[in-house]
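Taking the hints into account, I'd like the entire structure generated from these sequences.
Protein chains: 4
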Amino acid sequence: MNTTPVAVAMLGVGRIGKMHATLVARSVPETRLVAVADAFAATATDVGAELGVPALTVAEVLALPEVEAVGVCTTTATHVDTIIAAAEAGKAIMCEKPISNDIADVDRALAAVKANGVKFMVGFNRRFDPSHAAVQKAVMNGDIGQVEIVRVTSRDPEPPPMSYVAGSGGLFLDMMVHDFDMAPFVVGSPVVSVYAQGAVRVDPGFAEHGDIDTAVVMMTHADGTLSTIDNSRRAVYGYDQRVEAFGSLGMVQSDNVRLNTSTITGAHGTVAQPLENWFIGRYQEAYRVEWAAFANYVRGDGPSPVPGDEARLPLVIAAAANLSMAENRPVTIAEMEQRLAKA
Amino acid sequence: MNTTPVAVAMLGVGRIGKMHATLVARSVPETRLVAVADAFAATATDVGAELGVPALTVAEVLALPEVEAVGVCTTTATHVDTIIAAAEAGKAIMCEKPISNDIADVDRALAAVKANGVKFMVGFNRRFDPSHAAVQKAVMNGDIGQVEIVRVTSRDPEPPPMSYVAGSGGLFLDMMVHDFDMAPFVVGSPVVSVYAQGAVRVDPGFAEHGDIDTAVVMMTHADGTLSTIDNSRRAVYGYDQRVEAFGSLGMVQSDNVRLNTSTITGAHGTVAQPLENWFIGRYQEAYRVEWAAFANYVRGDGPSPVPGDEARLPLVIAAAANLSMAENRPVTIAEMEQRLAKA
Amino acid sequence: MNTTPVAVAMLGVGRIGKMHATLVARSVPETRLVAVADAFAATATDVGAELGVPALTVAEVLALPEVEAVGVCTTTATHVDTIIAAAEAGKAIMCEKPISNDIADVDRALAAVKANGVKFMVGFNRRFDPSHAAVQKAVMNGDIGQVEIVRVTSRDPEPPPMSYVAGSGGLFLDMMVHDFDMAPFVVGSPVVSVYAQGAVRVDPGFAEHGDIDTAVVMMTHADGTLSTIDNSRRAVYGYDQRVEAFGSLGMVQSDNVRLNTSTITGAHGTVAQPLENWFIGRYQEAYRVEWAAFANYVRGDGPSPVPGDEARLPLVIAAAANLSMAENRPVTIAEMEQRLAKA
Amino acid sequence: MNTTPVAVAMLGVGRIGKMHATLVARSVPETRLVAVADAFAATATDVGAELGVPALTVAEVLALPEVEAVGVCTTTATHVDTIIAAAEAGKAIMCEKPISNDIADVDRALAAVKANGVKFMVGFNRRFDPSHAAVQKAVMNGDIGQVEIVRVTSRDPEPPPMSYVAGSGGLFLDMMVHDFDMAPFVVGSPVVSVYAQGAVRVDPGFAEHGDIDTAVVMMTHADGTLSTIDNSRRAVYGYDQRVEAFGSLGMVQSDNVRLNTSTITGAHGTVAQPLENWFIGRYQEAYRVEWAAFANYVRGDGPSPVPGDEARLPLVIAAAANLSMAENRPVTIAEMEQRLAKA
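Same order as they appear, the protein sequences are chains U, Z, S and P. Once you know that position 290 of the first sequence is 290 in the working numbering, the rest is easy, because the numbers rise by one and skip nothing. Once you know that position 113 of the second sequence is 113 in the working numbering, the rest is easy, because the numbers rise by one and skip nothing. Once you know that position 277 of the third sequence is 277 in the working numbering, the rest is easy, because the numbers rise by one and skip nothing. Once you know that position 33 of the fourth sequence is 33 in the working numbering, the rest is easy, because the numbers rise by one and skip nothing.
FYI, nobody ran anything at the bench for these hints, they're computed from the structure. Note that the structure is predicted; figures quoted are calculated from it, not measured. Just to be clear, a hint being listed does not mean it is correct.
DSBU-like cross-link-like pairs, simulated, lysine-lysine; straight-line CA separation at most 35 Å [unchecked claim]:
1. P:137 <-> Z:137
2. S:137 <-> U:137
3. U:97 <-> U:114
4. U:97 <-> U:119
Below is the structure:
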């Protein structure tokens with residue numbers, strides 16, 4: 001196998017794109033950064049200078065033969081067109097989640113990927129986190145026997161700005177979509193039915209945008225497993241990310257990550273350190289592993305670590321959750337797919 | 001206040017009644033045991049001999065002026081008649097949960113309690129467990145601000161015998177009823193709606209009795225809190241009992257109790273001791289506190305620690321859960337009460 | 001084997017004697033309480049009334065044929081004479097630690113025990129604590145291979161009154177004596193050499209009594225294991241009691257016991273409950289197990305759970321520690337025994 | 001303040017030097033790598049190629065005006081000459097510990113540093129570990145009041161090869177030297193006296209080299225604090241690194257780092273992940289923080305994060321420990337310094 005680092009250009013180097021570009025350039029031996037692009041030229045110039053690579057336009061990047069792969073970290077609204085252009089240019093693609101909030105657009109992007117035969121992976125980063133991955137691996141190994149109950153907790157430290165909420169697609173698409181990917185990934189069986197409840201408890205501004213800030217979802221899986229997810233836009237104690245799988249032989253859990261291992265014990269008890277406070281710190285290692293997995297995929301013969309069709313399903317579950325909450329009834333994925341097909 | 005120990009007679013001294021009798025006799029300074037009774041005379045005789053008190057019939061116990069209070073630990077089917085007889089005899093009553101699996105019977109028992117003006121408490125023991133009680137107290141103190149999400153996990157170490165399952169009333173009434181009491185107790189707000197899913201994953205025998213062995217329930221509370229409960233009849237690792245409340249200022253959790261605090265660290269990680277394996281060990285301290293609370297209630301002027309009307313509600317929620325699962329839709333408590341009123 | 005409960009009379013029912021009497025009477029099925037005695041007649045009368053047994057004099061107790069065993073919980077100064085009298089009366093003896101602070105007196109008591117052929121056990125309660133016992137058992141099972149390093153931490157929540165300090169015999173005899181028993185118990189090999197350092201950091205009053213309040217001791221064992229003990233008279237966070245054994249295959253540790261398992265997580269971290277605050281709460285279960293072990297010993301053919309000669313050794317180690325600190329040099333147990341033999 | 005990254009050349013790029021070079025090049029924004037050198041030219045060439053910098057000789061590096069600072073990661077035996085040459089070339093110096101195993105040589109190196117007025121820091125990496133640093137910071141903040149007892153545990157996963165042991169200087173100099181730095185760093189008060197015991201328990205090969213593989217040391221500090229250190233060359237469960245400080249207001253502890261936060265709970269208990277297995281993984285973050293601290297020191301006006309005189313003291317303590325073990329008596333630092341002055 002070719003073991004030279006994969007030459008990656010990063011398209012979109014805002015907050016998350018810059019993080020990806022930095023990892024590719026500095027911390028993932030299996031990759032190297034060759035160029036950056038951004039809708040804001042000044043942003044591209046700054047990041048390129050910092051990382052020692054040229055700042056180009058997307059078109060220039062796609063025209064460069066040296067570029068083997070692109071990271072798609074532009075705004076969600078431009079993902080699909082960028083993916084299509086990159087596919088047509090024959091580049092391998094790592095796309096930040098979600099492909100799009102519009103499933104018809106997702107299907108258009110996936111069709112282009114298929115038509116051009118390029119490698120494609122979606123960045124559902126939590127799958128690569130060592131703790132959550134250990135949960136999934138334990139289940140796959142049979143360590144807990146037959147899975148019966150799964151719980152996923154995801155709570156953000158603080159709500160995004162309302163300007164972001166306005167175009168976010170709502171909590172189920174914007175936030176819980178990660179958990180809609182994680183639950184079937186851990187269970188090893190697809191979701192068949194969803195019942196969702198949401199509430200506005202954190203900030204009335206969410207209601208003004210027709211959104212919610214607190215939600216709980218129950219799902220049934222094809223193999224009979226029952227799963228629940230809970231989300232909040234505000235956990236004052238940090239970024240709360242836990243997964244628990246229970247089965248016939250036991251239970252496996254991933255717990256939160258703290259700033260360090262020190263504790264102080266006094267008259268009022270023992271105080272452990274706060275949690276990591278935001279995803280870029282919490283999932284730094286996950287992102288590194290994700291890029292290494294992408295590079296192995298590009299260099300090797302195996303399947304995509306997160307193929308397009310798997311990455312599409314959380315969007316369908318999110319749509320089902322929205323319908324369930326709107327009509328206060330369980331909604332099957334089959335019904336949702338039919339509705340989407342008709343739309 | 002009169003501080004002499006409350007004179008208690010235990011009616012029903014099978015497994016759980018004997019445990020209560022022993023606690024009353026030996027481990028709760030606020031109570032003393034004066035007599036025992038049981039449908040099986042030999043059982044009463046043995047337990048009476050062991051604890052140094054006479055074995056009488058229920059009628060004899062109720063006729064004894066010395067007896068201030070009775071513990072009702074007979075089989076569930078006889079609870080209501082025993083309560084009515086004890087109420088008419090003017091005895092204070094501590095009744096093991098549930099009062100009855102039939103809500104009309106529950107109402108009949110509560111009417112007798114009210115008509116005779118006797119003190120009455122139901123033994124929802126988990127409320128008195130130091131760890132779960134600390135969760136509820138933290139919520140009441142405002143330590144986590146406004147409650148937003150609550151999770152209750154209850155998993156038994158192993159399924160009961162099928163002979164027991166046959167007459168148990170089903171998982172929601174027999175097992176999850178504890179959690180239907182715990183969730184609103186911790187939230188501090190009543191349940192308004194229930195969505196329940198159950199499955200047979202542990203033993204096909206449950207299906208033969210029209211029962212389930214694995215269940216997840218989602219509830220909404222009057223104050224907007226969302227809660228979930230999960231139950232399994234078989235956790236190979238012991239008696240799994242956890243409560244988590246999340247709110248605007250943080251999170252409070254009760255964790256499981258292990259056999260002791262020792263751990264062994266080797267090449268494969270650190271192994272902590274197994275969990276307590278059954279409720280009599282796990283909740284020994286809860287039962288002691290429960291009896292002390294009962295004695296304080298008998299001697300004092302305060303309200304019942306678990307009044308009859310509060311103890312009735314979990315039964316209504318359980319009925320709603322059964323209906324929800326049968327019809328695969330959320331069911332409101334209001335609808336359930338209407339149905340019960342018509343029945 | 002005779003399985004009727006062992007008939008115990010408690011000699012000395014001050015704070016700790018009353019606790020033992022209550023356990024024997026109420027919480028240890030293998031024992032029953034038949035009488036109490038105390039130098040303060042009123043104390044004996046009160047405790048006897050509370051526990052439903054007669055308050056007698058020591059002489060009356062020893063004359064009662066019904067009494068099979070006595071608990072010796074009188075003041076330390078009277079232990080030896082009480083043991084001798086009980087031995088001569090043919091009673092089995094459970095003696096609170098220490099037998100005496102004077103080793104010559106200890107030897108006198110042990111001689112009387114031997115001469116009269118009575119059963120004898122010393123109440124080194126920590127050996128029976130489920131967590132510390134699990135450490136020792138893991139070592140004996142070979143779970144950590146060959147033991148190499150052992151650490152024992154014992155810190156009291158607060159210093160005793162100075163009136164107590166005056167007659168306590170000093171930190172090594174009064175407090176660390178427990179750890180001088182625990183270390184060889186866990187290692188499974190006797191102490192051969194001691195190096196001790198002490199300091200007055202908590203209260204200058206200790207210096208006025210020629211005592212210390214903070215101490216660290218290093219010991220070598222016959223099998224080559226190195227052990228350390230640290231003691232403080234004041235841990236503001238509660239009763240800190242931990243044991244750690246490290247060996248060729250791993251490490252086993254006992255951790256502290258908290259009030260309950262609840263935790264609160266907020267912006268400043270996660271707060272676990274305080275530790276149990278005093279030995280009567282912390283070691284309640286240990287004391288129960290200790291009495292059950294004593295009863296099994298009385299009824300059976302096995303060796304004493306804590307024989308007199310083993311209980312004598314911690315006193316010799318304490319004497320060696322005092323000499324080591326005084327002369328700032330390591331002191332061997334062999335040297336100490338020679339000095340004691342000459343004294 | 002000049003915020004451009006500090007231009008560093010790495011002298012010595014064997015295992016640990018390569019790690020430092022990689023961090024400087026890729027993971028510490030405050031530094032950049034400009035060249036590497038190594039006694040083995042091929043090693044330098046390979047590492048230089050991998051990191052995109054030239055492989056030079058030490059002399060060439062020191063002649064380069066662009067080089068602001070050097071990392072000294074050559075073999076210990078060449079540290080002093082390298083430091084002197086770098087000091088004479090006017091370079092800032094970050095030296096891997098120890099400066100030398102010979103204190104006269106250390107003094108010679110420090111004299112050259114002083115004479116040439118260059119900045120100098122020794123890489124006692126544990127000071128920069130977030131968990132251990134939090135312990136020290138808590139003590140300095142007064143969070144535990146007056147410090148009274150400190151414990152440091154350091155156990156390596158497996159012994160080094162015997163070829164390494166031969167020239168290592170022995171356990172106290174080679175391994176415990178880290179802890180001899182950590183204890184006074186955490187206490188905030190210098191060591192005045194040492195009592196050391198060592199044993200060969202892991203591998204008889206240590207004895208053949210006049211070395212030990214297991215050791216416990218007790219120290220007294222100028223402020224009255226008592227500290228203990230224990231070391232083993234073989235902890236089968238990984239790299240065991242813990243610090244505990246106890247004081248008048250409480251206790252602060254750093255615990256080990258596990259591979260991830262997942263746990264599996266089964267019938268035999270709950271298994272947490274193994275520890276990080278070696279120092280390069282365990283202290284990755286510490287090394288990053290160390291280089292950032294060095295860069296801030298080079299750019300700023302503050303004192304050295306680990307000045308030469310502080311880095312010299314652990315070597316004196318190690319010498320005292322060797323003497324203490326040889327003569328089985330406590331040895332004061334004052335006595336040791338006198339002996340060194342005479343030597």
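Status of each hint after checking the structure:
1. P:137 <-> Z:137: holds (33 Å)
2. S:137 <-> U:137: holds (33 Å)
3. U:97 <-> U:114: Since the Cα atoms of residue 97 of chain U and residue 114 of chain U sit roughly 18 Å apart, the hinted pair holds (cutoff 35 Å).
4. U:97 <-> U:119: Holds: residue 97 of chain U and residue 119 of chain U sit about 16 Å apart, inside 35 Å.
Checked against the numbered hints above, the structure violates none of them.
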